[in-house]
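Participant: Heads up: the sequence shown begins at 43 in my numbering, then just goes up one per residue.
No wet-lab data here; the hints were simulated from the structure. No residue lacks a Cβ here, since even glycine has one placed at the ideal position from N, Cα and C. A hint or two may mislead.
Straight-line distance between alpha carbons at most 25 Å, and here's what the computed DSS-like set of lysine-lysine pairs gives [claimed, not checked]:
id : residue 1 : residue 2
1  : K223      : K182
2  : K68       : K182
3  : K109      : K136
4  : K136      : K245
5  : K152      : K136
Derived DEER-like restraints, expressed as beta-carbon distance ranges [unchecked claim]:
id : residue 1 : residue 2 : range
6  : N96       : G231      : 38 to 44 Å
7  : K199      : T274      : 50 to 56 Å
8  : D206      : D50       : 36 to 42 Å
9  : L220      : D50       : 39 to 45 Å
10 : N125      : G272      : 46 to 52 Å
11 : Q55       : P230      : 47 to 53 Å
12 : R298      : K109      : 49 to 55 Å
13 : K64       : E288      : 53 to 59 Å
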Amino acid sequence: MVVFEQVDKEKIQLLVKDGFVKEEAKTIYEAARFRKGEVAVICYTSGTALLQGNKEAVEQAAQRLQKMNFGTLVHSGKFRQENGLVIGSDESLKGDTFGGLVVAAVKADKDIREQLMELGVADSKTLSDQQMVSMAEKIKKIASCEVRSMLPEEYNKHHGTVTDRLNQLHAQCAQYLLPGKHIVDKYPGCAVGEVQEEKAESKYVEVAAASILARVGALRQMDYLSMLAGFTLPKGSTHVTEALLELKKRELEFVRFVKVDFKNVKEFLG
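Start from the sequences, fold in the hints, and give me the full structure.
Facilitator: Below you can see the structure in the form of structure tokens.
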């Protein structure tokens, strides 16, 4: 499977030049659908184009279209084909000083998996914020989902480590969506899920979809906290000293904005 973004009406015509034959669209989200040999191309109204079919043929077609400036290649790969109901979960903000935690889970069967792949669902790290927000809304219309957002104030009330909180949230999300085989994007200390795999978001479409919902949830939480603080809070944990100083200057409660058990916060607070 290969996904292109920023494919407008003019670029769609490049498919005809490359020998693709137009077919009837199958969903309201499709602008057009084409086929050439073992490769099918689905062009969506969002400007996303999905290439699927024989792996080698798809890769060759993608290379040709890339040379023709067909669009921006944002994802190239193939998700594993699972059987039955699968629940994939992923998290965001676990390594960030500011913000709490967000965990999301997505449940799919064979038909829903195909729809998610047709949408062009990919690992959230390969998508822009704008692409993720748009994709998240479409995912929610297709699949059963659960998102748990833990604000810093709630995070700081809990005893234990960030891993303990993650295990709790992943378990809660999966429990809400049962039945289904629970697949987790493995993190250090992960103690939940029937399947725990590193980089699961690039292997299972359910986890990829969950990673998108988790990151969008994180964006919204950070926007909310930034509004409360009165300034834009930074992501990550590397360049946060200036923001910590700003919290102190404004006499804001640290428990409402940061993970106070993080080493850098403890050192800052002395």
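Participant: Indicate, hint by hint, whether the structure satisfies it.
Facilitator: To see whether the hints hold, each was checked on the structure:
{"no.": "1", "hint": "K223 x K182", "verdict": "holds, 19 Å"}
{"no.": "2", "hint": "K68 x K182", "verdict": "holds, 20 Å"}
{"no.": "3", "hint": "K109 x K136", "verdict": "violated, 39 Å"}
{"no.": "4", "hint": "K136 x K245", "verdict": "holds, 21 Å"}
{"no.": "5", "hint": "K152 x K136", "verdict": "violated, 31 Å"}
{"no.": "6", "hint": "N96 x G231: 38 to 44 Å", "verdict": "holds, 41 Å"}
{"no.": "7", "hint": "K199 x T274: 50 to 56 Å", "verdict": "violated, 26 Å"}
{"no.": "8", "hint": "D206 x D50: 36 to 42 Å", "verdict": "violated, 48 Å"}
{"no.": "9", "hint": "L220 x D50: 39 to 45 Å", "verdict": "holds, 42 Å"}
{"no.": "10", "hint": "N125 x G272: 46 to 52 Å", "verdict": "holds, 51 Å"}
{"no.": "11", "hint": "Q55 x P230: 47 to 53 Å", "verdict": "holds, 49 Å"}
{"no.": "12", "hint": "R298 x K109: 49 to 55 Å", "verdict": "holds, 52 Å"}
{"no.": "13", "hint": "K64 x E288: 53 to 59 Å", "verdict": "holds, 56 Å"}
In summary, the structure is inconsistent with hints 3, 5, 7 and 8 from the numbered list given earlier, while agreeing with the others.
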